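Asker: Listed here are the chains, written in short residue letters.
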Amino acid sequence: MTQPPPVLENEFETEDIFVNMGPQHPSTHGVFRMVLTIDGELITDVTPYVGYMHRGAEKLCETMDYRQGIGYMDRTEYLANFNAELSYVMAVERLAELEVPERATWIRMILCELNRLSSHFMFLGAFGTDVGVFGTAFVYGFRNREVIQDLFEEITGDRLMFAYFRAGGLAWEVPDNFETRVREVLKDSREGLRELDGLMTQNEIFRARTEGVGVITAEDAIDWGTSGPTLRASGVPMDIRRDEPYLFYDQVDFDVITGDHGDVFDRFYGRIREASESIKIIEQCLERLEPGPIVPDRLPRMLRTPAGEVYTRTEAPRGEYGIYLVSKGGNRPHRLKIRSACLSNLQALRDMTIGGYVADAVVILGSLDIVLCEVDR
Amino acid sequence: MKGVLKSLGATANAFVRRPVTRQYPEMHRDLPERDRAFPILLWDDDIDEPYCTGCHACERACPVECMTVLMKDNPNHESVGGDSRRRKIIDKFWIDYARCMRCNICVEVCNFEAIAMNNTWTGHEVSVYDRADLVMDLPQLLAQHRAGELDEWVADI
Ligand code: SF4
Ligand code: SF4
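In order, the protein sequence lines correspond to chains A and B.
Residue numbers for the first sequence follow the working numbering, beginning at 1 and rising by one.
Residue numbers for the second sequence follow the working numbering, beginning at 378 and rising by one.
What the hints contain is simulated information worked out from the structure, not anything from laboratory work.
Computed from a predicted model, the values in this text were never measured in an experiment.
Careful, some of the hints might be misleading.
BS3-like cross-link-like pairs, simulated, lysine-lysine; straight-line CA separation at most 30 Å [stated by the list, open to error]:
| no. | chain 1 | residue 1 | chain 2 | residue 2 |
| --- | --- | --- | --- | --- |
| 1 | A | K59 | A | K280 |
| 2 | A | K59 | A | K187 |
| 3 | A | K59 | A | K337 |
| 4 | B | K465 | A | K187 |
| 5 | B | K383 | A | K187 |
| 6 | B | K449 | B | K465 |
Not the full set, but computed from the structure, chain A residues with beta-carbon under 7 Å of chain B [what the hints assert, rightly or not]:
| no. | residue |
| --- | --- |
| 7 | M64 |
| 8 | P101 |
| 9 | E154 |
| 10 | D158 |
Restraint-style ranges between C-beta atoms, simulated for each label pair [unchecked claim]:
| no. | chain 1 | residue 1 | chain 2 | residue 2 | range |
| --- | --- | --- | --- | --- | --- |
| 11 | B | E442 | A | N177 | 14 to 22 Å |
| 12 | B | E442 | A | V326 | 22 to 30 Å |
| 13 | B | R437 | A | G51 | 31 to 39 Å |
Quick reminder that beta carbons are idealized off the backbone N, C-alpha and C, glycines included.
Okay, chain A solo, but in the shape it has when bound:
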């Protein structure tokens, strides 16, 4: 009779290792630090630390009048400035009961969607680099983003810090060749999207790296308060543009893109498809664009609002960008709170990462498309 070999408990001592990733890590998309607890190759715990970029934008805005605050909104969300500005000016408009002219609204919509496109191009490029050797994707993504950014520069005068929306309308009229230029950009973007789609989605290695990685269930995604493409990838069809239309989103026709698995691939592919939806929306907007005023007839030199409070939210490329504005009368906010989409999305990181491999941590973080400026404000 042979005895089974004795099972050794703890054959050799193992110990968890803490790996400090960031704050100065090239793949954390800014200054973000996470401490990974790893057991061999497996991640057993993640602790994210945010706040390295805190500049107190909310408090700063309380010290300045409504127009001056617009510039600061740009600086909280530097990849989707128009969306950030829009939330803010919409809050002020709602408080002051300003009527925005139609043309201004259509232009705002076009610019916001173009901004979504440029932000998604940036994501596609940067995500390619996160996944691995896709230097090509990075360059392709940036090439297309550059075209859009050039258009923004022609319209607003600045490449990033536009400061173009004003409470009541726009700062100045768009150039005469606006429509043709937008159509050119759209043509270019459609081409670029197709190319990137072919380059990444149909790449076997890319799919192996992303499919089934960083899964989060719909319930968890909702519990963490995620929004935008991150939430929709888990199959929750929530889109503020459709659920609570602002601007003229109720008058255009577009699909809300959802995923099935809530993994990294869905979050990535959702953005590609969403970008095509944006192109569709912009085309519809261009058709409806009529000449007309871009600011209300009677706009006071110094805008004052009655006392009250208001919460406005917009569907920014990364999710719900909300502004909670309390006014006690006068020309400046009494309290301003920015609801950052990235901060909530980032909280879900722990759920997504635990149980995965170290190499996937960067991919998962990249798939959230965080902007640290917005997280820390």
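For this one, chain A is given, so just place chain B with the ligands on it according to the hints.
Answerer: For chain B with the ligands alone, coordinates are given in the frame of chain A:
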């Protein structure tokens, strides 16, 4: 095999195509006419004095408080035998370019169209060794428009 030929084709194409890269310090890209660099003051050629009356409107509206304005009585005013209709005129003016966030608000609030955002490359290439050199004074702010080196584009609002 097809793939290899295709990639060779792409390489050959890139080889003969005109490069899109510009050799930056030597070659500049054309800036759009409403490009916003830093604000500068404009010069009234008819009367040979600045447009700015030192009214402080821009100073009060600037979100980052980077401007300092001092006004004085215009020595060239009609009442003292001059040919200008500006009773007050700018005496000293500083803008701290290191703090300016290029928001265009000063241009919007100015009633005299005396200030504009620089839309030339000179406005973008302001690198210095000392931060203090970024505080521009009146002659520096006026120099460019006075010399006629500014493409004017003033927002119509
Ligand atoms: S630049 Fe215009 S707003 Fe500023 S002090 Fe001069 S005149 Fe007044
Ligand atoms: S552009 Fe803005 S920050 Fe700069 S000086 Fe003018 S008001 Fe101040």
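Asker: If a hint holds in the structure, say so; if it does not, say that too.
Answerer: A quick look at each hint next to the structure:
1. Our distance criterion of 30 Å between C-alpha atoms is broken by K59(A) and K280(A), whose separation comes to about 38 Å.
2. Annotation: proposed proximity of K59(A) to K187(A) is violated, straight-line Cα distance about 42 Å (limit 30 Å).
3. Note on K59(A) and K337(A): the hinted pairing holds, with a Cα-Cα distance of about 9 Å set against a maximum of 30 Å.
4. About 54 Å separates the Cα atoms of K465(B) and K187(A), which puts this hinted pair outside 30 Å; it is violated.
5. Restraint check for K383(B) and K187(A): the C-alpha separation of about 24 Å stays at or below 30 Å, so the hint holds.
6. Straight-line distance between C-alpha atoms of K449(B) and K465(B) comes to about 6 Å, which keeps the hinted pair within the 30 Å bound.
7. A distance limit of 7 Å between C-beta atoms decides the matter here; for M64(A) the minimum to chain B is near 5 Å, and the interface restraint holds.
8. Below 7 Å, beta-carbon pairs count as interface contacts, and P101(A) has none with chain B, the closest being about 13 Å; its hint is therefore violated.
9. Checking E154(A) against chain B by beta carbon gives a least distance of about 4 Å; that is within 7 Å, so the hint holds.
10. Against a cut-off of 7 Å between C-beta atoms, the interface hint on D158(A) holds, since the closest Cβ of chain B lies about 5 Å away.
11. Restraint check, E442(B) to N177(A): a C-beta distance of roughly 37 Å breaks the suggested window 14 to 22 Å.
12. A hinted range of 22 to 30 Å for the beta carbons of E442(B) and V326(A) is consistent with their spacing of about 24 Å.
13. Against the hinted window of 31 to 39 Å, the Cβ-Cβ separation of R437(B) and G51(A) comes to about 33 Å, which satisfies the hint.
Of the numbered hints given earlier, the model fails hints 1, 2, 4, 8 and 11; all others are met.
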